[in-house]
Amino acid sequence: MEYAIATSRPFSFSQTLAFVRRFPAVQGEYIVTDDSLTAAVAIDGSAVPFTLRGELVVDTEDERAARMAACFVGASDDVAGLYARAAGDGVFEAVIEQLYGLHHVRFLSLGEIAVYSVLMQRAPITMAAAMKRKFLAAFGYEATVKGQVLRAMPELSRLAELDGAEIAKAINHSIKGARIADVVRGVAALGEAWLREAPYAEARDALLELPGIGPFSAGAILLRGLGRMDELPSHRNFEEAGKAVYGAAFDPAAIARRYGRSIGYWAFYVMATEGRRRSSMSAAGSRGVGRTASPVTASRSA
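All residue numbers for the sequence shown refer to the working numbering, where the first residue is 1 and numbers rise by one.
No lab work stands behind these hints, which were simulated from the structure alone.
Keep in mind the model is a prediction, meaning the values are calculated, not measured.
Please note that the accuracy of each hint is not assured.
Said to hold, decoys possible - Simulated restraints on C-beta separations:
| no. | residue 1 | residue 2 | range |
| --- | --- | --- | --- |
| 1 | 169 | 55 | 39 to 47 Å |
| 2 | 6 | 28 | 43 to 51 Å |
| 3 | 254 | 145 | 44 to 52 Å |
| 4 | 200 | 254 | 16 to 24 Å |
Claimed, not checked - Straight-line distance between alpha carbons at most 25 Å, and here's what the computed SDA-like set of lysine to any residue pairs gives:
| no. | residue 1 | residue 2 |
| --- | --- | --- |
| 5 | 146 | 63 |
| 6 | 134 | 161 |
| 7 | 134 | 162 |
| 8 | 146 | 36 |
By construction, the Cβ of each residue, glycine as well, lies at the ideal position given by its N, Cα and C atoms.
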């Protein structure tokens, strides 16, 4: 069945696809073509596939999957408000020029980001992504689409039933196995509805009370899982990306004042810009070409 998804403007599905192609945490988990994306979500204990295409249509057998797909691509996000705040910030206006119409691509479910928030602790993103694939291979629900197996992260209630030892065996990491079990049970006890609707500070502080959750993991769950943009997760990667984009003009206090409750969106765009730069450098390196210019610099000089 086909569902039309309303999107706030501007919206660019091509930017969504480009971001997904570059994001290591989901590599190999979706079917991505030049104009579509197919993935699977867990509903009632089974994997339900959906295909996104156009600007924006979802093909799926379950309306709930269509709603999850809309959340996944941030269909209703107010990017126009972010762009308005950027007026006068020349560096970020150049970032917007490169990513115009990109909405915040989340993890597909709260359970997925709860698991991944532990996997990425003190681990390179490629290692965390590899452990996530092992986790899905062991516990994910499977659906086959066009000959390719897609795996959906189980619902949070099912994840909360897993034993730390069996998780550790699946991902080959005893400490993270036990921690994932604790975190998903704690997040499940708080409940997705409450984490979405509670005042941001209350939701953040409740997550910080859970064993295995620090400031960055709490912020990641709220930002990358639920799309809550109110605060910036404290982590050196955001500062490093900000410095790479802004150079000597990087002023965290001024940026926080300008972007306010859109600071999470600002961070998403900055990290996406750094992802573009790294991808360009990697592609150039594979061709034996020297270091390429920052995409922001290239935009300003074009």
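Cross-check of the supplied hints:
1. 169 <-> 55: 39 to 47 Å: Holds: the Cβ-Cβ distance is about 44 Å, inside 39 to 47 Å.
2. 6 <-> 28: 43 to 51 Å: 30 Å, violated
3. 254 <-> 145: 44 to 52 Å: 47 Å, holds
4. 200 <-> 254: 16 to 24 Å: 22 Å, holds
5. 146 <-> 63: This hinted pair holds, its Cα atoms lying about 21 Å apart.
6. 134 <-> 161: Status holds; Cα separation ~18 Å.
7. 134 <-> 162: With a Cα-Cα distance of about 15 Å, the restraint between residue 134 and residue 162 holds, given a limit of 25 Å.
8. 146 <-> 36: At roughly 13 Å apart (the allowed maximum being 25 Å), residue 36 and residue 146 satisfy the hint.
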